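Following the hints, put chains B, C and D in place on chain A, whose structure we already have.
There are 4 protein chains.
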Amino acid sequence: MGNAAHRIRLGMVGGGQGAFIGAVHRIAARIDDQYELVAGALSSDPARAGASAQELGIAPERSYASFEEMALAESKRPDGIEAVAIVTPNHLHGAAARAFLAAGIHVICDKPLTTTVSEAEQLVEAVQQSAKIFVLTHNYSGYPMIRQAREMVANGDLGDIRVVQAEYAQDWLTERSELSGNKQAEWRTDPKRSGAGGAIGDIGTHAYHLAGFVSGLEAEAVLAQLTSFVEGRALDDDVQIMLRYKGGARGMLWASQVAVGNENGLKLRVYGSKGGLEWSQSDPNYLWFTRFGEPKQLITRGGAGAGASAARVTRIPGGHPEGYLEGFATIYTEAARAIRAARNGEKPDAAVLYPTVEDGLEGMRFIEASVASSKAGNVWTNLR
Amino acid sequence: MGNAAHRIRLGMVGGGQGAFIGAVHRIAARIDDQYELVAGALSSDPARAGASAQELGIAPERSYASFEEMALAESKRPDGIEAVAIVTPNHLHGAAARAFLAAGIHVICDKPLTTTVSEAEQLVEAVQQSAKIFVLTHNYSGYPMIRQAREMVANGDLGDIRVVQAEYAQDWLTERSELSGNKQAEWRTDPKRSGAGGAIGDIGTHAYHLAGFVSGLEAEAVLAQLTSFVEGRALDDDVQIMLRYKGGARGMLWASQVAVGNENGLKLRVYGSKGGLEWSQSDPNYLWFTRFGEPKQLITRGGAGAGASAARVTRIPGGHPEGYLEGFATIYTEAARAIRAARNGEKPDAAVLYPTVEDGLEGMRFIEASVASSKAGNVWTNLR
Amino acid sequence: MGNAAHRIRLGMVGGGQGAFIGAVHRIAARIDDQYELVAGALSSDPARAGASAQELGIAPERSYASFEEMALAESKRPDGIEAVAIVTPNHLHGAAARAFLAAGIHVICDKPLTTTVSEAEQLVEAVQQSAKIFVLTHNYSGYPMIRQAREMVANGDLGDIRVVQAEYAQDWLTERSELSGNKQAEWRTDPKRSGAGGAIGDIGTHAYHLAGFVSGLEAEAVLAQLTSFVEGRALDDDVQIMLRYKGGARGMLWASQVAVGNENGLKLRVYGSKGGLEWSQSDPNYLWFTRFGEPKQLITRGGAGAGASAARVTRIPGGHPEGYLEGFATIYTEAARAIRAARNGEKPDAAVLYPTVEDGLEGMRFIEASVASSKAGNVWTNLR
Amino acid sequence: MGNAAHRIRLGMVGGGQGAFIGAVHRIAARIDDQYELVAGALSSDPARAGASAQELGIAPERSYASFEEMALAESKRPDGIEAVAIVTPNHLHGAAARAFLAAGIHVICDKPLTTTVSEAEQLVEAVQQSAKIFVLTHNYSGYPMIRQAREMVANGDLGDIRVVQAEYAQDWLTERSELSGNKQAEWRTDPKRSGAGGAIGDIGTHAYHLAGFVSGLEAEAVLAQLTSFVEGRALDDDVQIMLRYKGGARGMLWASQVAVGNENGLKLRVYGSKGGLEWSQSDPNYLWFTRFGEPKQLITRGGAGAGASAARVTRIPGGHPEGYLEGFATIYTEAARAIRAARNGEKPDAAVLYPTVEDGLEGMRFIEASVASSKAGNVWTNLR
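These protein sequence lines are chains A, B, C and D, in that order. Just so you know, the numbering used here puts 318 at position 315 of the first sequence, and the rest follows in order with no gaps. Just so you know, the numbering used here puts 156 at position 153 of the second sequence, and the rest follows in order with no gaps. Just so you know, the numbering used here puts 93 at position 90 of the third sequence, and the rest follows in order with no gaps. Just so you know, the numbering used here puts 7 at position 4 of the fourth sequence, and the rest follows in order with no gaps.
Looking at chain A on its own, in the form it has when it is part of the complex (with noise of 0.2 Å):
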């Protein structure tokens, strides 16, 4: 809406019909009204492909076959997408980024970053060769709470970070309806498409992500215990580590997606020598702080105690909830930020904290690490 001279011209890979992250994706570029969508390889399915582009009121002729065929016309194009969202399962993230890269194309991507670490290097690479722009959407670290929380510890509010407790659990596989029709549930517990990892590389990288992202602390080694626990499931469905941070803070990180009654159950707990921080997903607009010795408080985004990182990302005032969409759509604010900026040849702005190609290396580690871990008999595991 608005600013047409302006948007940035936006393609996607997959997110056709019936693809849940996809409708998210759009929407998040939408929100702050950044981006305008023009391009698509939307489905592996011609069918679908096509049926999704008119939908979404992408030109036929640029609609596409393959992301191949897409990043090779689109950057021939004058009016070529400047960006590319990645949103196909994981095992296409680290071919289909390459292809954009190299043909000039900013990528904004989903995570996990690829499913092993070497093409996880590679892709780092080609990052560093391109000189592009490359966000990776761990989008929970968009809500403005997290910024603050980050914030605070950044301040020194907790003291010398002790113990971080990050969890993320769901329900929604705990039966196996992989094998009744929830395509949802089918690629994510296929080894070939998701990875070596299930739970722990769906919602494991997730909590990990943002449990470095808020304490500002580096992983040096996991110890994991990966389970699936329903009968004939191929990659866990319920993760348990422990972490080692540099420094010597300690972390827990639970992961399942069999536990009944949770539906998207991220929860971080941060405590240091001086104080604590408690967020959960679910009710993103609040962050418990509690000072030792003194009385919990309760900061909301946009009400008082809340500063300049979450103000940044706030969008209507305090008591009137922003959710998930609001989050990830910061994430591709930001993203357009970084964009317009190597647009007019300047420098980043510091303040934008989108998760980049290194974050999601980082996860690739986390989850080959984990893997290996639980794999040897639940040892520690270093990172790098």
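Don't read these hints as lab results, they were simulated from the structure. This structure is a prediction, so every number in the text was calculated from the model and none was measured. Any given hint could be a false lead.
Because identical chains share one entry, a pair is satisfied inside a single copy or across any pair of copies.
To be verified - DSBU-like mimics (lysine-lysine), calculated; alpha carbons at most 30 Å apart, straight line:
| id | residue 1 | residue 2 |
| --- | --- | --- |
| 1 | K277 | K195 |
| 2 | K277 | K378 |
| 3 | K277 | K186 |
| 4 | K378 | K249 |
| 5 | K186 | K249 |
| 6 | K195 | K350 |
| 7 | K249 | K270 |
| 8 | K378 | K350 |
| 9 | K277 | K79 |
| 10 | K186 | K378 |
| 11 | K378 | K79 |
| 12 | K195 | K249 |
| 13 | K79 | K249 |
Chains B, C and D alone, transformed into the frame defined by chain A:
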């Protein structure tokens, strides 16, 4: 994004730089990609109007100095706006709406509808004569769990409704911020721009509309006590009301802008002979339901227990919170469905539940009767 | 346990087998080991009286057929009771209390005080003439966080009080259980035993007392609407009230026994020019406090932020919840302190805050004025 | 109160003035009026012992200088104590318990049972030989909603248990308060009095016991990481544990005394193939239950949905919270039932569920295995 050929061409009156609610309307219009903002009379201050239009990508020739000019000019363009969003202070709603209706343009208008019942009645007539769509943004009725609540009451899950408890508590007018440069506070406490009601018009009408929307009950009479706690304030900042509904149900409604610790504490509780429902706008994805003699249930947006009404206006899975903007967007998207139906000469979609001009008249009756009741010493006053 | 020489010898009127509140009083009396139950007129049914006494270890000769007999006999014994707990239905409170006061025995009496204001006035006079201790068990005022709230208001932490919102919602009378053998329901819905008020006497008086206890405000007038939603019920099961306090504060009070999903939903919110407080009896160890313009604080019993008033009535560390029985015990223990002071001819302890016969009279005025207001068509009715 | 002839004569070891847990045991013993405290060895400091005894109404000749003396003297009195409560620091539990068992006196003992597994094994043997009742006060198992949870798991409402998440977070040892005169902190951080475990013994064992009590699962092995975050502290103040249960369920347990903002954050979550349960000690009257594919239910103590196990240990109606002391009292009252049964030569009541000496041994195995696992570099360590 996408679908450019089918988007509804939208104009906006008010909502220039510095205004809060204009930006909300624009995001709401974008979320489901149903509108394109192409014209505006964004401010009575010409410099601000121009700057705002430019920022929003509105062509200079479609940035107007007044709504009268805009209605006239747009109605003559082949690509003129099909709908207008009116987001000015209350005293301008009526005149602006009538101008666009007369020009054959659909209207989406902020609440309260007007500043008097008689002006509201004129507007109802104008809408009826125009046969245009008129949507009043009592946006809270767009929340999925409010739709769920309405459906449950209509299905008889609560039995005969006995008690309705509605409240909307804020604290932003605890001190006399209208004197210290707060624009929002200035016009909302000014009878010339707000009408005869302060808190009752600004937030009381939301609570009143929601109570009726969910319970399906028609109010017959009010007994109100309006208070201005902050010295020197011309309009009420706290409202206590008893309500009598047709059929014998009783209501209480409290609205306050001086309740320290409340941001946007809109809450609704409905109790019947068989069950009870409780909902809070701060945590809008939850609906508490108790069947008499059974444990309380937590029904979640996108979760088990949510029915067709909620599903229809739900974008993402349970546990990923949708918020205020998404609820607002639902009103816009339902307006779009109605406008498209009108375009095509089709019957309106029965599942579309946006608030209408009649709801706006009802709100004005509520305000006027409450003000009258309060002035007369808190006596029962009929609404019609 | 222990301290036998110093325990106060206690009798009880009512509270035989099958009664709810008698057992509560006995536990409350035991918790801090200040009393020994040695006599009783536990039931008007002689068999039940005897069996109850035996079960409670009361010597057969001190199990009486009537309170008159008990008052007379015990006053003559050298080891006679020093205090009596009256836990009968309301209509017997006055006569029983007067009998014990006349016999020189301190009285701990359940609420409401009597069934009429005039009887309450007689009782006030009787107490004054007797110079005995009289304690009314508005037990909720014994909760530590209620004491904290009262202290904060008194300290000026809230500034000038503007708004008081009190409610007590239950659902146990949603259906006509008084016809199906529920003894508690039978007498509470019977005007002969309850007096002119149903829900208003049973629970409304608790909310009213608590509002005054915390806010320190004196109510001047009420405007009430009492309803019997359940067909055939003689007394109110839902109460809506507006309150005017001396000094200009406004109150709303809702009490209901038909609000499905509420067990004992007693809630109090107090808002002033500088701050606000919120408390709920279901979660009594928490007090929410907001200073205007600062983040909301969670003050906990035994935690940081709790002051001297709370500490005085706190038994165990924060995070280990104390509940209803402990709050009730605090009233008993404060009564014991007063009784010991009287024993020793000392001045009463200023920190002892149990409700008195004057509070009981105030409650009766509240009931009578509310019933009168409701009958007169919901008009303002002075309390005195 | 009352029932003097039938009360169990109780003695106490430890718990003199200034001790926290002794007062808790005494209130717990009083609440249901099953005990009379008549003897004590309340402190190793004679002056404090005497003053404490006097304050508690214990006759001077029954205030002893040591538990050995007390066991001997009381066993010879015709009115000697029938049971003793041992509430000393951990290192004295074993010797004291054996002394009383040898004297034919039932024992109620605080946790952890001893300071080593071998001492615990001796005590198990001593209990078996004595044929006396031995009760370990893992008091949290007395909460009604914990009984409810256990019943639901046993009934199969959760299906096969897969995941157990237990935690107990406090913050009172965030700083080195053992150096600044905090008696509770002193002995709890002193290996001589606490044994080899700090937080793991003090609170970790509670979480571990509760997890087993509710889930009905037997742990086979632990993998633990114990940390002392506060410099100079000899024992752990933070504990991270993975648990393997017989049958394949996996557990995580976190206990911390440095988690700022947590008072007594004991939480238990249990997930199975059909349902999930969630409970928090801070709000103990609530149990959250989800049957897979249905809305979450809130089961309340005394409310709809609570079954026989909860009802048996519930004193007052739903919505009137019972707390920590009532749960503790339930353990005492169940001990009393067992002691009375033993008195009468009757079989113990199957519904009585107090923790036993075997639970104590299990707790010691948990501590020792965890300490060993941690020292060995966080490796799986069998519990037996």
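Each hint tested on the structure:
In this homomeric assembly, K277 and K195 come within 30 Å of each other (Cα to Cα) only across copies, at 29 Å, whereas the closest approach inside a single copy is 46 Å. Proximity of K277 to K378 under the C-alpha cut-off of 30 Å is restricted to the inter-copy arrangement: shortest distance 28 Å between copies versus 38 Å within a copy. With identical chains, the CA atoms of K277 and K186 are at most 30 Å apart between copies only, with a shortest distance of 22 Å across copies and 46 Å within one. When the C-alpha separation of K378 and K249 is checked against a cutoff of 30 Å, the pair qualifies both within a copy, at 24 Å, and between copies, at 20 Å.
For the homomeric pair K186 and K249, neither the shortest alpha-carbon distance inside one copy (40 Å) nor that between copies (34 Å) is at most 30 Å. Taking the shortest Cα distances, K195 and K350 never come within 30 Å of each other, neither inside one copy (39 Å) nor across copies (49 Å). Proximity of K249 and K270 under a CA criterion of 30 Å is satisfied in both settings, with 22 Å inside one chain copy and 29 Å between copies. Neither within a single protomer nor between protomers do K378 and K350 lie at most 30 Å apart by alpha-carbon distance, with minima of 44 Å and 50 Å respectively.
In this homomeric assembly, K277 and K79 never come within 30 Å of each other (Cα to Cα): the closest approach is 56 Å inside a single copy and 55 Å across copies. In this assembly of identical chains, K186 and K378 lie within 30 Å of each other by CA distance solely inside one copy; the values are 28 Å within and 46 Å between copies. For a Cα distance limit of 30 Å, the shortest separation of K378 from K79 qualifies neither inside one copy, at 47 Å, nor across copies, at 63 Å. Neither within a single protomer nor between protomers do K195 and K249 lie at most 30 Å apart by alpha-carbon distance, with minima of 34 Å and 32 Å respectively.
In this assembly of identical chains, K79 and K249 lie within 30 Å of each other by CA distance neither inside one copy nor across copies; the values are 47 Å within and 63 Å between.
When each numbered hint is compared with the structure, violations occur for hints 5, 6, 8, 9, 11, 12 and 13.
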